[in-house]
Amino acid sequence: MITKRIIPCLDVKDGRVVKGTNFTGLADVSSPVELARYYSENGADELVFYDITASVEDRKIFTGILTETMRQVFIPVTVGGGINTVADFDRVLKCGADKVSVNSGAINRPELVEEAAKLYGSQCVVLSADVKRCGNVYRVFAKGGRVDTGLEAIEWIRRCVGSGAGEVVVNSIDTDGVKKGFDISLLKAVCDAVSVPVIASGGAGKASDFIDLFREVPSVDAGLAASVFHFGEVNIRELKKLMSDAGIPARL
Amino acid sequence: MTAIIDYGVGNLFSLTSSLRAIGADSVVTADPETIHEADRLILPGVGAFGDASLKLRETGLGDTVKKEALGGKPLLGICLGMQLLFETGYEFGVHPGLGLLKGSVRPISEVIPEGLKIPHIGWNSLRFIKESPVTRYVSEGDYVYFVHSYHATECEESLAAVTEYGAELAAVVSLGSVFGCQFHPEKSGDVGLSILKAFVETKR
Numbered sequence: 067m068i069t070k071r072i073i074p075c076l077d078v079k080d081g082r083v084v085k086g087t088n089f090t091g092l093a094d095v096s097s098p099v100e101l102a103r104y105y106s107e108n109g110a111d112e113l114v115f116y117d118i119t120a121s122v123e124d125r126k127i128f129t130g131i132l133t134e135t136m137r138q139v140f141i142p143v144t145v146g147g148g149i150n151t152v153a154d155f156d157r158v159l160k161c162g163a164d165k166v167s168v169n170s171g172a173i174n175r176p177e178l179v180e181e182a183a184k185l186y187g188s189q190c191v192v193l194s195a196d197v198k199r200c201g202n203v204y205r206v207f208a209k210g211g212r213v214d215t216g217l218e219a220i221e222w223i224r225r226c227v228g229s230g231a232g233e234v235v236v237n238s239i240d241t242d243g244v245k246k247g248f249d250i251s252l253l254k255a256v257c258d259a260v261s262v263p264v265i266a267s268g269g270a271g272k273a274s275d276f277i278d279l280f281r282e283v284p285s286v287d288a289g290l291a292a293s294v295f296h297f298g299e300v301n302i303r304e305l306k307k308l309m310s311d312a313g314i315p316a317r318l
Numbered sequence: 010m011t012a013i014i015d016y017g018v019g020n021l022f023s024l025t026s027s028l029r030a031i032g033a034d035s036v037v038t039a040d041p042e043t044i045h046e047a048d049r050l051i052l053p054g055v056g057a058f059g060d061a062s063l064k065l066r067e068t069g070l071g072d073t074v075k076k077e078a079l080g081g082k083p084l085l086g087i088c089l090g091m092q093l094l095f096e097t098g099y100e101f102g103v104h105p106g107l108g109l110l111k112g113s114v115r116p117i118s119e120v121i122p123e124g125l126k127i128p129h130i131g132w133n134s135l136r137f138i139k140e141s142p143v144t145r146y147v148s149e150g151d152y153v154y155f156v157h158s159y160h161a162t163e164c165e166e167s168l169a170a171v172t173e174y175g176a177e178l179a180a181v182v183s184l185g186s187v188f189g190c191q192f193h194p195e196k197s198g199d200v201g202l203s204i205l206k207a208f209v210e211t212k213r
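Line by line, the protein sequences give chains R and A. So the mapping is simple: the numbering used here equals the position in the first sequence, first residue as 1, plus 66. So the mapping is simple: the numbering used here equals the position in the second sequence, first residue as 1, plus 9.
It is worth saying that the hints were derived from the structure and are not from the lab. Among the hints, a few may not be true.
[Stated by the list, open to error] Each computed EDC-like pair below joins lysine to aspartate or glutamate, with the alpha-carbon atoms no more than 16 Å apart:
1. A:K126 / R:D258
2. R:K184 / A:D60
3. A:K212 / A:D60
Owing to the predicted nature of the structure, the values given are computational and were not obtained by experimental measurement.
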């Protein structure tokens with residue numbers, strides 16, 4: 067039986083892993099290569115590497131670290147951050163990444179999704195959306211969750227999947243960093259709207275938050291988190307055991 | 010020495026890295042002489058059956074690989090590379106495979122119930138149908154990583170392991186010295202590495 071995936075996210079800046087709390091207040095955690103290897107040997111089903119850099123120089127450091135990681139890690143890896151063109155896809159895929167996630171790059175130029183899907187296949191293209199509830203609607207935010215794009219989130223996600231995105235990461239700005247559980251209603255709405263895998267992000271504070279996620283939104287495919295894993299608040303092996311005990315298929 | 014056939018399909022970085030991690034020598038090559046001298050061959054592949062089939066024919070590499078395999082040289086096809094071992098692929102048209110194994114490659118949508126997501130993507134478990142040299146370090150129920158929308162059907166005696174995704178899908182095929190994995194061993198953690206290790210230990 068296919069399992070629900072648990073995915074640690076490594077935000078990388080200046081060659082180091084940082085964690086984000088509501089997208090501000092970054093703190094150095096560890097070496098990306100070491101942490102990635104640790105996770106792959108300790109039950110993570112997949113990894114996300116997120117490049118939070120501004121300069122071209124930093125980008126070179128990131129691709130170097132990614133290459134070194136991919137020499138040592140043999141589980142699927144998705145790379146995001148600073149993906150604006152198919153040349154950016156090419157740059158990280160050459161380092162051995164399996165999937166590439168687009169966020170602002172698709173907002174600025176929606177054709178990017180289709181271009182990349184045609185070149186590399188849908189299985190390679192992940193849409194990542196930072197979503198916030200505004201009254202009765204969900205909106206897509208840009209610039210690390212600071213700027214309201216005015217795009218209606220469910221429609222935006224549906225449109226990108228129609229253009230070829232093969233997977234969707236839904237990051238709830240409302241629950242991110244709060245550590246009181248995933249944004250169940252948002253995730254239900256997204257899962258109802260698309261038929262590709264949906265990865266839940268934002269809000270995990272303890273192991274039971276993942277159990278609640280998979281119970282309340284059975285069609286969600288994966289749970290993603292950063293700091294709860296990095297700081298050992300949730301141990302992935304123990305989480306997998308809990309999932310299995312709760313009847314949620316997990317790779318032990 | 011293991012030769013990884015380079016016919017312009019897919020990214021071979023992780024495959025070469027995983028072989029290095031298990032201490033196996035490998036070379037990525039399109040050179041018939043190097044392929045002839047290699048102890049065993051890996052046919053990788055990502056993308057569509059038709060494109061890959063055409064590239065194998067255009068480069069002549071399909072014939073080269075087939076000749077070596079028929080001569081008893083161990084061959085492992087991975088993902089699309091596994092599908093290409095069969096006779097025919099029905100993906101955007103009808104395309105010839107290498108025909109080393111009996112059977113054809115068809116959309117999984119024909120056999121899985123509606124509502125299941127396509128592609129079949131993620132970690133799924135193996136159930137053995139028969140013993141194979143490449144799964145000798147694998148236990149029944151071990152998980153491996155799949156990404157595919159098509160599957161090998163009517164594999165007959167080559168079927169060695171299946172995975173359950175609304176229907177039983179071919180996961181490992183094995184006949185003589187011809188092997189194939191529908192999943193990605195280079196992305197399947199320790200279980201995947203153990204399959205590659207078992208393969209590089211095979212001899213003609």
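Hints and how they fare:
| no. | hint | result |
| --- | --- | --- |
| 1 | A:K126 / R:D258 | holds, 12 Å |
| 2 | R:K184 / A:D60 | holds, 13 Å |
| 3 | A:K212 / A:D60 | violated, 31 Å |
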